[in-house]
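*Asks:* Heads up: the sequence shown begins at 1 in the UniProt record's numbering, then just goes up one per residue.
Simulated from the structure, these hints should not be mistaken for lab results.
For clarity, every value in this text was computed on a predicted model and none was experimentally measured.
Built from N, CA and C at the ideal position, the CB exists for glycine as well.
Mixed in with the good hints there might be a few duds.
[Unchecked claim] Cβ pair distances, simulated, as ranges:
1) 202 with 63: 27 to 33 angstroms
2) 6 with 199: 49 to 55 angstroms
3) 264 with 115: 28 to 34 angstroms
4) 120 with 66: 43 to 49 angstroms
5) 124 with 167: 20 to 26 angstroms
6) 54 with 7: 38 to 44 angstroms
7) 246 with 115: 20 to 26 angstroms
8) 211 with 6: 39 to 45 angstroms
9) 262 with 210: 27 to 33 angstroms
10) 149 with 36: 18 to 24 angstroms
11) 202 with 57: 19 to 25 angstroms
12) 123 with 207: 51 to 57 angstroms
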Amino acid sequence: MSVAMREFVARVWPVAMLIVAMCSIQTGASIAKTLFPVIGATGTTSIRLILAALILLVVMRPWRQRFSRRAWKSTVIYGVALGVMNLLFYQALQTVPLGIAVALEFTGPLTVAMLSSRRWLDLLWVAFAVLGLTCLLLLGDDSNGAVDPYGAACALGAGVCWALYILFGQKAGSVNGAQSATLGITIAAVVIAPVGLIDVGPAIFAPEVLPLALAVAVLSTALPYTLEMVALPRLPTQTFGTLMSLEPAIGALSGLLFLSQLLSGLQWLAIGLIIVASIGTTLTVRRRDTFETPVPD
Numbered sequence: 001m002s003v004a005m006r007e008f009v010a011r012v013w014p015v016a017m018l019i020v021a022m023c024s025i026q027t028g029a030s031i032a033k034t035l036f037p038v039i040g041a042t043g044t045t046s047i048r049l050i051l052a053a054l055i056l057l058v059v060m061r062p063w064r065q066r067f068s069r070r071a072w073k074s075t076v077i078y079g080v081a082l083g084v085m086n087l088l089f090y091q092a093l094q095t096v097p098l099g100i101a102v103a104l105e106f107t108g109p110l111t112v113a114m115l116s117s118r119r120w121l122d123l124l125w126v127a128f129a130v131l132g133l134t135c136l137l138l139l140g141d142d143s144n145g146a147v148d149p150y151g152a153a154c155a156l157g158a159g160v161c162w163a164l165y166i167l168f169g170q171k172a173g174s175v176n177g178a179q180s181a182t183l184g185i186t187i188a189a190v191v192i193a194p195v196g197l198i199d200v201g202p203a204i205f206a207p208e209v210l211p212l213a214l215a216v217a218v219l220s221t222a223l224p225y226t227l228e229m230v231a232l233p234r235l236p237t238q239t240f241g242t243l244m245s246l247e248p249a250i251g252a253l254s255g256l257l258f259l260s261q262l263l264s265g266l267q268w269l270a271i272g273l274i275i276v277a278s279i280g281t282t283l284t285v286r287r288r289d290t291f292e293t294p295v296p297d
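Let's have the full structure, built from the sequences with the hints guiding it.
*Replies:* What follows is the structure in structure tokens.
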């Protein structure tokens, strides 16, 4: 293989892995929704986190590494935020289409990115984001109508948790590296699993539930985390942020393909405005050589 070809592969390969990771996450969310009629959003969240924690504990074996105590506070907050984020997001999916839920949730990291810059140009991206949210939350059309208020509130709450996940996950990851993800997901499982067990009971461990739940755990956590851990150190911040900005669109397409969720032209426009705001913020924010912040599963 020529030097030029090796350089091309080195640039394209991490991008491809991140795109596959995002598609995997949204596919997992689509499968998770099919479990709602059986064990509800709380039960689905609980069994997914339990299985994901078990998978990562077996694969990563965090007990073989020494952890710094000064990172425990950040790791605990990171894990709790991760668990609550997943619970609220699945609650939102009960009444809100996948693409819209992802777009609303995406306001969390978008806000974090905007607050890290002090340029006047950022006001333009804020305007795009506000306009997109207005179209999603307040406006509707004859075919789809306005977004369900409770589901929208849950998605926005998940966005707040995503912002906390980013801020405290970065602090935890800077000390304990990739093992912070394993600890965070384990903490999330410990916090959220009782909610599902109280709400649904042992039905979350039913034989007919476990195969789909395992698929959700792998697609939404184990596979994307593995791909991201390989890809992120090789991607510039701007490239990562631009690619992540496509996640609401990927969510909308997953909802269309797997759940037959049709969106109106206005809702697609609103999602597009939020994507533009995210890409614009990414391209104008303070530049760093590599990405330092983890991604939610």
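*Asks:* Decide, hint by hint, whether the structure agrees.
*Replies:* We went through each hint and held it up to the structure:
In this structure the supplied range 27 to 33 angstroms holds for residue 202 paired with residue 63, their Cβ-Cβ distance being about 28 angstroms. Between residue 6 and residue 199, the C-beta spacing of about 53 angstroms keeps the proposed range 49 to 55 angstroms intact. Between residue 264 and residue 115 the C-beta distance comes to about 31 angstroms, which sits within the given range of 28 to 34 angstroms. A hinted range of 43 to 49 angstroms holds for the C-beta pair residue 120 and residue 66, which are about 47 angstroms apart.
At about 24 angstroms, the beta-carbon gap between residue 124 and residue 167 stays in the expected band of 20 to 26 angstroms. For residue 54 paired with residue 7, a C-beta distance near 40 angstroms keeps the hint of 38 to 44 angstroms intact. Checked against the given bound of 20 to 26 angstroms, the beta carbons of residue 246 and residue 115, roughly 22 angstroms apart, stay inside it. Against the hinted window of 39 to 45 angstroms, the Cβ-Cβ separation of residue 211 and residue 6 comes to about 40 angstroms, which satisfies the hint.
For residue 262 and residue 210, the hinted distance range of 27 to 33 angstroms is satisfied, since their beta carbons lie about 31 angstroms from each other. The supplied range of 18 to 24 angstroms is met by residue 149 and residue 36, whose beta-carbon atoms lie about 19 angstroms from each other. In this structure the supplied range 19 to 25 angstroms holds for residue 202 paired with residue 57, their Cβ-Cβ distance being about 22 angstroms. For residue 123 and residue 207, the Cβ-Cβ distance of about 55 angstroms falls inside the hinted range of 51 to 57 angstroms, so the restraint holds.
Comparing the model with each earlier hint shows no violations; every hint is respected.
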